[in-house]
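Colleague: Hey, can you work out the whole structure from these sequences and the hints?
The lines below spell out each chain.
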Amino acid sequence: MDDNIIPFERDLFEVDNARNLTTGELVRTFVPTDNFWRLISSKNQIILGSRGSGKTALAKMVSHSHLSRLDSDYAKKVISGQKFIGLYVSTKTEWVGALKNKGWQSEEERERFFQWKMNISTCLSLLVTLKSCLKSFIGDLEKRVRTERQIIVELSKLWSHNEKTCHSIKELEEYLDRTGFEKNIEIARRRALGDESLNSIVGIVFDTGLFQPLRIGIKLISESLGLTEECAWLLAVDETENLDEMYHRILNSEMRADPGNLFFKITTMPYCHYTLNTNMAVPLEVNHDFEYVYIDQDDNLFSLKKIKNHPRSLVETIFRKRVQASGRRYEGITVQNLLGQSKLLDSQEWDFSIDSKDMKLLETYASEVVKKKASEILQRSNADKHKEFKNQIGRKVRGILTLRDAISNHRGNQNLDIYSGVSMAIACADANPRRLIRLYNKFLKKVRIDKLDQSLKTPILPPHVQNDILISFSQDVFNRFQNEEGLGPDLHRFIQTIGEYMKKSLHENPIAYEQISSIRLTESSSELYWGLVKRAIGLGILYHNVNMENPNLMPEKEGTFRLAYALAPYFKLLPRKGDSRRLESIVIPKTKKLL
Amino acid sequence: MRLVNVVDITEEEVVKNEYNVAIFCSGFERRAISLAKRLDPQKISHPLIFGFIEGKNEINRIENDEFYKLKFGLSPILESKKSDKSIYHQLNSLTSKFNRKLTLFVDYSSMPRIWYTAILNWIMYQNEFKTVTIDFGYSLAEYQNGLSLFTVDDIMSLPGFEGGSISQMDNTAIFGLGFDGSAALSVFDKLEPDTTLAFYAKPGKHVDYEEKTLAENSELIDNVHGRTIALPITSVETTFRYLGELVSVYKNNSHITFVPMGPKPHVLASLLVGLRFRMVTCLYVSGERQKNDKKINPSELLTTTRVTFES
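Protein chains in written order, with numbering that gives the first Met the number 0: chain V, 0 to 594; chain G, 0 to 310.
Simulated from the structure, these hints should not be mistaken for laboratory data.
Treat the numbers as computed from the prediction; the structure is a model and nothing was measured.
Treat the hints with care, as some may be off.
[To be verified] Quick partial rundown of chain V residues pointing at chain G, CB under 7 Å, derived from the structure:
id : residue
1  : 96
2  : 97
3  : 159
4  : 162
5  : 180
6  : 191
7  : 201
8  : 204
9  : 208
10 : 331
11 : 481
12 : 482
13 : 491
Note that the Cβ used here is the ideal one computed from N, Cα and C, for glycine as well.
Modeller: Right under this line is the structure:
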């Protein structure tokens, strides 16, 4: 443990959501990947990622207040070079809630109010960035305070239509907060008294074109700080899956227009960029007006391989950073010594002796086709036959056979230990940072820190305890989405049916080379099913199978989609890609609600 | 106007009081007429009966409508459970008929919260009155067959209770817990609050209901900071006071969002706290039950509350 690193007071394994981390906590625990560095660019980008995939962390880290604190040579270069300055705003549930409750408004009124709200919110965000820029660019405290005052006096006059003069960032923040609140009150008053016109005087400056007050603010700040014209301002707009299609159209219009020096980094869930239309005659053009950045299924989060120019893997780094930031509680604990090897996923030598467990499993559970192939290979006289067997059969079926056997022989009171090991935990996290941290937290909670053996025998956490945690975690993932807005119960039934089919196929039929763990949709598949699949992808319950033959990151209906590995323990499957079945060949009960 | 006082009162006080306006809601629940039965029409100058557009042909509903017609000589004014337009329209049309001290009675037993939120909003923005006293009545329910699964449709702020929703501060969510644990959990997942607090009804109607609430919400409760607070279902005054103290503790460092998903007296208390602390957001989780739970009977227990506003 590095004595120079000052830990945070709280246990950061208990905070699995970037939204709830302080700036310092997020910066200290953030692991920048290639996807992150792509965002530091003069491009409009839409970041697609399922829930918990790290979108908010990425969006926040783009902001100057976070990036300026990242311990990275490149980040330092970006900040000191003043080429990119980021700001962050979120269209979170409470924010959107104030848009949705005005059902009486016309479309025009709704657009105007959205623009008003977005304008004032982005101006608030600009103030956060201004504070950070002043700290980064002006070392002398007295000069910094003078510059702040000078900028704020001008900004407050501009944004208040000369009604209010503020002298500090804090004062202007409070004024904007108050204005936002008063606008809601004014609307409520007019509605209550029967005057529903939106001709309002509150925050009149924000009742202009979208982002105009922000651009004015950026211009003023740039001039005051001596920033060059090359400086690109990056506006990260987070959680836009909460917005209606109409608001996406408005944001698209901004991306279609000449950006000037303002570029957008918009986060949303897969298939939740609801339209390419704009308010102009021409829709957005992908890879011209903007590009998609897809962050799910990052290979680095599936593996224990070291990442480029780094001493360890990404999953180990995430663990290590949190350990360091949480103080000496977990000193000496690594992912490996905590969880150990996986019986199901880590390769082990196949025992070819006739009465070995491996051969008996093959005999007991494998299909005739597999047994025949096995026999054929082993009867060959070439020296490589064992290697051929391992490559063609052993590597594929070993895990499945072991799983099948463990479940078949499991009796009520016995401890199952099959879902355990580092590889298993990483797989079940589905390359989803939130799930990974949640799992780490669950594991660490079960460790008796005060009773740790000095030698830290591996695994610290017994496999049967890991197994219980993973099954409970998997059940939680499965139960959690059944009340999703709109079609939770339908989606729940849908996934239950698919999962039960796969479970039955693995545990009741002779074992072929692969388990069935994916579904296949075609052009003729119903829109109802496609709607459910899209929603499942957004929630990280299904993922599309991306490979050399299917490189399309976001297929439109036709494609193969695997069940989340997080659901593998619940449905007693192996967390591994397997074979697929046409969705229609799996019996799906009628669902009542259409998307 | 400003909120001045919230006190529990007795049923006797309600029955003997005279009201300028009394507002009732006709629906399919049997308790929709329970309070109206106890009141004397002679003591009410202007009764207002609202009825849901939805389900207006259900048998229980027709019977309830008939009751109101007989009692007050009025058929219900139809309004959607998702709209508050006619609430405002009717109240605004009566404004000139009242003197400077206005007294209202509201039976919110079967009333959607959009409607009684509208009543509160209407009062808050009046300039015509020196005082407004509103007595709220709620008939506690007996759920014979329990409640069917509640499916979330949407999450929005209650109109007039958006609070400071553009704030960049940390977020504290205060959940009022009911029987719909999985719905509450889905809201929790969407809000992702920095701090989570929760309260539930205890004593409730039955000890069973208390235990059921805790069991249904066990996953959410795992995320609660500190203990889950028990507050009586029959005292809006106590609940209001306690929740107000809670808000006072957190409001300077955090934006506060109420998510009241429990019994209506707790929803009312949350809204009243929202009137006292205007930067607080009150969310409304709209949705549907898988089937209409018709076997909801009134019990003898009432919760009656007097809320006073002054200009």
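Colleague: Look at each hint and say if it fits the structure.
Modeller: Results for each hint:
Annotation: residue 96 of chain V was flagged as interfacial toward chain G, and the flag holds, the nearest CB pair being 4 Å apart, inside 7 Å. For residue 97 of chain V, the suggested interface contact is upheld, since its CB lies about 4 Å from the closest CB of chain G, less than 7 Å. About 16 Å separates the beta-carbon of residue 159 of chain V from the nearest beta-carbon of chain G, more than 7 Å, and the hint is not met. Because the smallest distance between the Cβ of residue 162 of chain V and any Cβ of chain G comes to about 19 Å, over 7 Å, the interface hint for this residue is violated.
About 5 Å separates the beta-carbon of residue 180 of chain V from the nearest beta-carbon of chain G, less than 7 Å, and the hint is met. With a cut of 7 Å, the hint placing residue 191 of chain V at the interface with chain G holds, because the nearest CB-to-CB distance is about 5 Å. Interface hint at residue 201 of chain V: violated, since its Cβ lies 13 Å from the closest Cβ of chain G, which is beyond the 7 Å cut-off. Taking 7 Å as the C-beta cut-off, the interface hint given for residue 204 of chain V is violated, the closest approach to chain G being about 15 Å.
For residue 208 of chain V, the interface hint is violated, the least distance from its beta-carbon to any beta-carbon of chain G being 19 Å, above 7 Å. Because the closest C-beta pair between residue 331 of chain V and chain G is about 28 Å apart, greater than 7 Å, the hint is violated. Interface hint status for residue 481 of chain V: upheld, as the beta-carbon distance to the closest one in chain G is roughly 6 Å, under 7 Å. Look at residue 482 of chain V: its Cβ gets to within about 4 Å of chain G, closer than 7 Å, so that hint holds up.
The criterion of a C-beta within 7 Å of any C-beta in chain G is not met by residue 491 of chain V, whose closest approach is roughly 10 Å, and the hint is violated.
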